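Participant: The hints should help you fit chain B onto chain A, whose structure is shown.
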Amino acid sequence: MPEYIYPQNVEEVISHLKPSSLLYAGGTGLYKRNLQRFDCIVDLQSLNCQNIIKSRDYLIFDAMVTMAHIIEHPEVPDTLKDICLEIGSTPLRNLITVGGELGQCPYWANLPVYLYATNALIDYYDHQFEKHTIRCRTFFENFSRYKNIFIFRVQIPTAMLDYHSISYNFKETSFDYSIFNYLLLQNPQDKKQTSITIGAVRRFPFSLSSLEQHIQEKGTITARQVKESCQELTSAMRRDIRYSKSYRCEHLQNQLCEDLNELGVLE
Amino acid sequence: MKIQLTINNKQVEWEVSPTQTLMDALRENGYFSIKDGCREGSCGTCAILMDGEVVTSCLILAPRAHKSIIITSEGLGTPARPHPIQKAYVEKGTVQCGYCVPASILATKALLDKNPHPDEQTIRKALDGNICRCTGYIKRIEAVKYAAELLQEKS
Chain A
1 MPEYIYPQNV
11 EEVISHLKPS
21 SLLYAGGTGL
31 YKRNLQRFDC
41 IVDLQSLNCQ
51 NIIKSRDYLI
61 FDAMVTMAHI
71 IEHPEVPDTL
81 KDICLEIGST
91 PLRNLITVGG
101 ELGQCPYWAN
111 LPVYLYATNA
121 LIDYYDHQFE
131 KHTIRCRTFF
141 ENFSRYKNIF
151 IFRVQIPTAM
161 LDYHSISYNF
171 KETSFDYSIF
181 NYLLLQNPQD
191 KKQTSITIGA
201 VRRFPFSLSS
211 LEQHIQEKGT
221 ITARQVKESC
231 QELTSAMRRD
241 IRYSKSYRCE
251 HLQNQLCEDL
261 NELGVLE
Chain B
1 MKIQLTINNK
11 QVEWEVSPTQ
21 TLMDALRENG
31 YFSIKDGCRE
41 GSCGTCAILM
51 DGEVVTSCLI
61 LAPRAHKSII
71 ITSEGLGTPA
81 RPHPIQKAYV
91 EKGTVQCGYC
101 VPASILATKA
111 LLDKNPHPDE
121 QTIRKALDGN
131 ICRCTGYIKR
141 IEAVKYAAEL
151 LQEKS
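Protein chains in written order, with the numbering used here: chain A, 1 to 267; chain B, 1 to 155.
These are calculated hints, taken from the structure and not from any lab test. Keep in mind it's a predicted model, so treat the numbers as computed, not measured. Here a beta-carbon is modelled for each residue, glycine too, at the ideal position from N, C-alpha and C. Keep in mind that a hint or two might mislead.
Claimed, not checked - The calculated DSBU-like cross-link candidates involving lysine-lysine, where the alpha carbons are at most 35 Å apart (straight line), are:
#1 A/LYS81 - B/LYS92
#2 B/LYS87 - B/LYS114
#3 A/LYS54 - B/LYS114
#4 B/LYS67 - B/LYS10
#5 B/LYS67 - A/LYS131
Unchecked claim - Take a look, some chain B residues computed to stay more than 10 Å from chain A by CB distance:
#6 GLN4
#7 VAL12
#8 ARG27
#9 GLU74
#10 PRO79
#11 VAL90
#12 LYS92
#13 GLN96
#14 TYR99
#15 HIS117
#16 THR135
#17 GLN152
Same shape as in the complex, but just chain A:
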């Protein structure tokens, strides 16, 4: 039977960073785990790290900030609130935490895709008590390297918060295979500030770089280029998502065309 620990400080959490310990954040994924195999369960709630702070350059979220905290916080932009509102249901949003969302790789959902799209910073401690800061994209693309760490904070660049954002979900029969897209365009007049990210649960986000590059170079794109990029992306998704279907590609490209047209980028 594991020992249950209420750590009083960060040092105590770090002293338990090993494969036989379980860091207990929001806990919504615990039902999938065999808890008996751990030596100890470290309850992060006792750390009281639930602050949201806006500095000049970053909007900072402590690891134990829940989706409900984000939705209710006055400093959080509506885009991020909408994304958090799409996660789970009310009782779950009261439990799901920022740190837990990142820690449950590779079962990532909406919030990590947003963090990827905005290329947020992740602050973490390793088991040697060393503090590190990495970009979200580095974390997602190399997540197997970051198994026994304590993510204590996430920082979103404030410049990215001003981005115009469109997000949508493709509802499938199973939540596990929903695919969604974030299109961030800071200013339709300044086409260089563009980021298009596609995400899928069970897989780290895909960046639609070819499309992004085209908008940055030319300022506009054609429907044909959108179609080609979506096809390229869907074939990449097929390798990872068992039930990906061609109609999703069509849906994705139609939606992208609609949104890009609205933003005056589509030729």
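Facilitator: Chain B only, in chain A's frame:
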């Protein structure tokens, strides 16, 4: 291990296992308004109010409830003196098999405590974690609106 908590205004001390869910601990101690549904946070029948927030007790380990304040449907009213929300659910015909109702009532309480006059969209969002297979979702919305009126009259 031992945990201390306040449940329905009563202080208790329970012996729990580190891996036991709060739902199981509550039911073992006689709080049967908490239903054992899906055990993965999808159905919402095990919902409780923990420190004022509605949460699914099947996803919480019992030791996390140490020093917390919990409210279950048992703590809201009695058959003779029902809480206005319970009264509204009965009068609007929102109860059929009753399995989802205790949790649904708590979700309603959490909503009305924060927002005494919610619009329909807000009600739907607040109850999105409570699945009902009998009466459907229209009567529930009517009940929440009626409960808001009853609570306003009472205040």
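Participant: Could you run down the list of hints and mark each one as holding or not?
Facilitator: Now for the hints, and whether the structure bears them out:
The suggested pairing of A/LYS81 with B/LYS92 holds, with an alpha-carbon distance near 33 Å, which does not exceed 35 Å. For the given pair, B/LYS87 sits about 20 Å from B/LYS114 by alpha-carbon distance, which is consistent with the 35 Å threshold. As the CA atoms of A/LYS54 and B/LYS114 are separated by approximately 25 Å, the hinted pair is consistent with the 35 Å bound. Distance check on the hinted pair: B/LYS67 and B/LYS10 sit about 12 Å apart at the alpha-carbon level, within 35 Å; holds.
A hinted pair counts as satisfied when its Cα atoms are at most 35 Å apart, and B/LYS67 with A/LYS131 qualifies at roughly 31 Å. Every Cβ of chain A is farther than 10 Å from the Cβ of B/GLN4; the closest lies at roughly 13 Å, confirming the non-interface assignment. Non-interface call for B/VAL12 relative to chain A: holds, since the shortest CB-CB distance, roughly 18 Å, exceeds 10 Å. Remark: the non-interface label on B/ARG27 is consistent with the geometry, its nearest Cβ contact in chain A lying 16 Å away (cut-off 10 Å).
In this structure B/GLU74 is separated from chain A by more than 10 Å, as the shortest Cβ-Cβ distance comes to about 18 Å. Listed as a non-interface residue, B/PRO79 keeps its Cβ farther than 10 Å from every Cβ of chain A; the least gap is roughly 26 Å. The Cβ of B/VAL90 lies farther than 10 Å from every Cβ of chain A, with a closest approach of about 23 Å, so its non-interface assignment holds. Interface exclusion of B/LYS92 from chain A stands, the closest Cβ pair being 21 Å apart, more than 10 Å.
At roughly 21 Å, the least C-beta separation between B/GLN96 and chain A is larger than 10 Å, which holds for a residue marked as non-interface. With 10 Å as the threshold on Cβ separation, the claim that B/TYR99 sits away from chain A holds: the shortest Cβ distance comes to roughly 16 Å. Remark: the non-interface label on B/HIS117 is consistent with the geometry, its nearest Cβ contact in chain A lying 18 Å away (cut-off 10 Å). The beta carbon of B/THR135 sits about 19 Å from the closest Cβ of chain A, which is more than 10 Å, so the claim that it is off the interface holds.
Non-interface status of B/GLN152 relative to chain A is upheld: no Cβ of that chain comes within 10 Å, the nearest being about 22 Å off.
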